[in-house]
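The lines below spell out each chain.
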Amino acid sequence: MTAEEIKKILEDSLGSKIKELTTPAPRRMFIWVDKENLVEACRVAKEKAGFYHISTITPRDTGDKLEALYHLAQAGMVLTIRAQTDRNHPMLPTVIPVYGGAVFYEREVHDLLGIGIEGHPDLRPLVLPEDWPANVFPLRKDWQYNREKGVIE
Amino acid sequence: MDILKVFLYILVYPGLLFLFIYSTFVEWVDRKLYAKFQNRMGPMHTGSHGLLQPIADFVKLMAKEDIVPDSADKGLFNAVPVFALAAVLASGLLLPVWHFAKGIESATSFQGDIIVMAYLLALPTFAYFLAGWTSTSMYAAMGGVRVLTLLFAYEVPMFLAILSPAIMTGSWRLADIAAYFQAHPLYMLFNLIGFAVGVVALQAKLERVPFDIPHAETEVVGGAFTEYSGRKLAMFRLLADVQMVVGAGFLSALFLGGFPGGLIPGFIWFVIKTLAVVFILSAMRAVTARIRIDQMVAFSWQYLAPLALLQLVIVIFIKGYMP
Amino acid sequence: MGTFILPVGPQHPALKEPTSFRFLVDGETVVDADLRLGYNHRGIEKGAESRTYVQNLYLLERVCGICSNAHMTCFAQGVEKLMGLEPPKRGLFIRCLMGELERVHSHLLWLGVAGHEVGFDTFFMYTWRDREIVQDMLEMISGNRVNYGMQTFGGVRRDLDEMQIKKLLEGIAALKARTPYYLNLGASEPTLVARIAGVGKLPLEKAVELNAVGPTARASGWKSDVRQDDPYAGFGEFIPFNIVTDQGGDVLARVVVRAKELMETYNICEYILKNLPAGEVRVKAPRKVPEGEVVSRVEAQRGEDVHYVRSNGTDKPDRVKVRAPTLANWPSTLYMLRGGYVADIPIVMAAIDPCLSCTDRMAIITDVKRGSEQVMDWETLRKHGIEFYRKRGIKL
Amino acid sequence: MSLKLGAMLPEVMKHLFKKVATVPYPFRKLTVPPGFRGNPVMDPNLCIGCQMCVRDCPSEALEIKKESERTDEQGKVIKRFSMTFYLDRCSHCAQCQEICPKKAIVLNDQFEEAAFDRGALKIIYK
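Residue numbers (the numbering used here), protein chains in the order written: chain A, 83 to 235; chain B, 3 to 325; chain C, 105 to 500; chain D, 7 to 132.
In isolation and in its complexed conformation, chain A is listed as follows (with noise of 0.2 Å):
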């Protein structure tokens, strides 16, 4: 599938729900839309743009805001879902259902950055120790860990 029908099925599917969508590079695709329709964005991406592969989830602090970037794959394109959450209450739904393989990636988001996955079946810390203070999240931007340097004497 070439990028334009990419394009159009998106935007015919999706209309106005996208709020944004760029191609920056040869084979790269990124949309931005609300998180409520973000699974229905999946949804499409899936069942009717042929993106079968979940790459990664990439969460990511904007300062403001908490996004988190679904990175989905097919052959020849690679597209990239951009939704984003408020600091106070981070809570975005789970693509569990589309994409069953996103299980440990919603997991680490959770972990790292603190965002509620809503709908996921288990959500037991996946990378942080369980004895990790609760909210605190290290790859928040206001989290910062003060090496302490060993020195020869």
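Incorrect hints may have been included.
Claimed, not checked - A partial selection of chain C residues facing chain D, derived with a Cβ cut-off under 10 Å: (1) Thr226; (2) Tyr230; (3) Gly253; (4) Glu293.
To be verified - Calculated cross-link-like contacts (lysine-lysine; reagent style DSSO-like; alpha-carbon spacing at most 30 Å): (5) C/Lys150 / D/Lys128; (6) C/Lys420 / D/Lys24; (7) B/Lys275 / D/Lys24; (8) C/Lys120 / B/Lys38.
As the list claims (entries may be wrong) - Reference excerpt, derived from the structure (chain C facing chain B, CB under 7 Å, subset only): (9) Leu110; (10) Glu221; (11) Ala447; (12) Pro450.
For the record, the hints were derived by calculation from the structure and aren't laboratory data.
Glycine is no exception: its CB is placed at the ideal position from the N, C-alpha and C atoms.
Fit chains B, C and D to the known structure of chain A by using the hints.
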């Protein structure tokens, strides 16, 4: 004089001292062969070409911390290795290596010693199970259960296989069987199937690849020995080596015509024949992958046991028409 | 015996790296499997935000030892796109060559480990002996055996000379002769085949549904390969290659796929070395990166490796996200393990070629004498360690 | 692919008479190919103290300090710099060698780096 001979027999040759030294040597041979098969060097730096490495390993383990798990039955946990080692060392005394045991029956060579020997060699297997069970560790328990499952797979073919030379010679005494085959060397050829079954069953008894299922490290860590350390583990390790020597000697006495010619030639025959068996065991270890427990049980009952039975039929047939 | 929980890891002989599985086991059958990661989490993504791009190059190389070059390539080519650099053709060819040589070493390593997991140590020794050839080749090119450090922004750091190319061709010819010989021997050994055939079945639809990547997906018959789907470096344009698939979906199929991929990789290496274009190997890269974001993908030997880099106009990135191929394969591994035998756990886990690149953890140390559980953080643990050795007369 | 019991046996037997592939390593030293990335060695005569290596070192293993400063007969200022190298942090990436504009840092062929004393891992070139 006889008393002295008995003491010599129990303590020196073929008793404790000899079995200890020779089993470490056999372990060295096994490791070296295995390494050579794999294009490696094997042990090199303790003694000439690593000859003392098994002893060094043993001494090192003896010096290590000895841990008993809190929830284990301490008495049994401590007794099991000693008991198992004692059983195997006792079975070593029954090997017909010294000429004075040949003519007359004695405490170490009597009618039915072949059964006693098979029994003593089977005892460590139960000890392994008990060791696994008293350790109260998940891996050890699993290893223990696997030990018993394995036992039911190889023990029947093993017993059927050792039955055939006994039937052929009409004696239940190792020395008699060996003497018979020394007198009629060609009859050994009729027992080749039995020997093959015996070697495979011995490999399973020794729990070596492809039958090292009870302590397959990538599956159940150390199997029944997971919780054992220090002296007790050293005893189990020594036990495995002694078992290999005695098992190889047992098969040689049964199928390969024993160790004729008195003290010195007998000793040389013993070394040659046991090393030959050990060579086969090492080669078997080098060319196979570990099979699963269900595959092992299926293999024993589909191939090993029928082969052993076939051997029995052949022997009975020959016996019927023998001059 | 009833059902009980069998812990495998974080330390277990079947796992060469720390990860923790909990298996609900009924006798010898696995009923359910659960996974816990993070024993190796070093906070690389956070660390990358406070380092310059050049420093990050080497930091990200150390995400994983075996696929170091794949991570480095992925990061380097992503940042190149942000910088708007076009590496010279010779540089791209050498970049591909490194990737393929790394694939050779990794697949040979894997074959050996697979042999070891089923107790076939002879096979393990032979494949690892042959792996030395490719390791020496990599050492000769890059000056190191594991972290090659060959990729940089705008090309590669070292060039190949005629002597090296000759030696490389010789080495590949030797491997090309040896690999099929030993694989045929292994494949005709009944005990080995009995252990891997029909074990760890992953049907095609499950592989796609659970988003498996790399040889795991290809062994289920799914023709996906980043080198073809999303060509990078010299692939697609200059360097021809075939994708190997198999329909089996079991461990045997994964062995077959990797074995055929090895042969294919030898051909790619030969093609690269014989058609190496002349010219420079790198262009000069700026220190600051203009604002932007990029998704970079590389076909590592375990499958698809994804990096997301976002720059903010300074010499340090705003966000770097790394997704190593193994994480993508865990859901399908858990699927494969359920319903199998305990004895098949190591080989099924090994079959996806797991590599766990995952922050320092708090350690719990139980003081045996006092019988109390003492929670030590990293710093106390370090001091405890130093004190422990000092008491024993070792100066630190 | 046909199954054969003991398929590896001939191969294994052949190896009984082959030369071993392993080396008794600590007793027989190994050589490394040219271009090996060992420890950085700094030549104080060449260093101009630009701190490029310190800035680029991913593991913060280098420190460059000014040792002395003197003015020669022609009135030219000659500075000498020393480098403190922490071997315990070095990751042998050779970035310092690559970035050095005066080629003052070269990586040697040392690869046996273990020491009982941590102090031995702090190396000063001046």
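Evaluation of the provided hints:
Hint status for C/Thr226: holds, given a least beta-carbon distance of 6 Å to chain D, under 10 Å. Taking 10 Å as the C-beta contact cut-off toward chain D, the hint placing C/Tyr230 at the interface holds, the least distance being around 8 Å. Checking C/Gly253 against chain D: minimum C-beta separation of about 5 Å stays under 10 Å; hint holds. Below 10 Å, beta-carbon pairs count as interface contacts, and C/Glu293 has one with chain D at about 5 Å; its hint therefore holds.
With a C-alpha separation of about 28 Å, the suggested pairing of C/Lys150 with D/Lys128 holds against the 30 Å cut-off. About 55 Å separates the Cα atoms of C/Lys420 and D/Lys24, which puts this hinted pair outside 30 Å; it is violated. Pair hint B/Lys275 plus D/Lys24 holds up; C-alpha atoms about 25 Å apart against a cutoff of 30 Å. Between C/Lys120 and B/Lys38 the CA atoms are separated by roughly 26 Å; this keeps the pair inside 30 Å, and the hint holds.
Given the 7 Å rule on beta carbons, the hint for C/Leu110 holds: about 6 Å separates it from the nearest Cβ of chain B. Because the closest C-beta pair between C/Glu221 and chain B is about 5 Å apart, less than 7 Å, the hint holds. Taking 7 Å as the C-beta contact cut-off toward chain B, the hint placing C/Ala447 at the interface holds, the least distance being around 5 Å. Below 7 Å, beta-carbon pairs count as interface contacts, and C/Pro450 has one with chain B at about 4 Å; its hint therefore holds.
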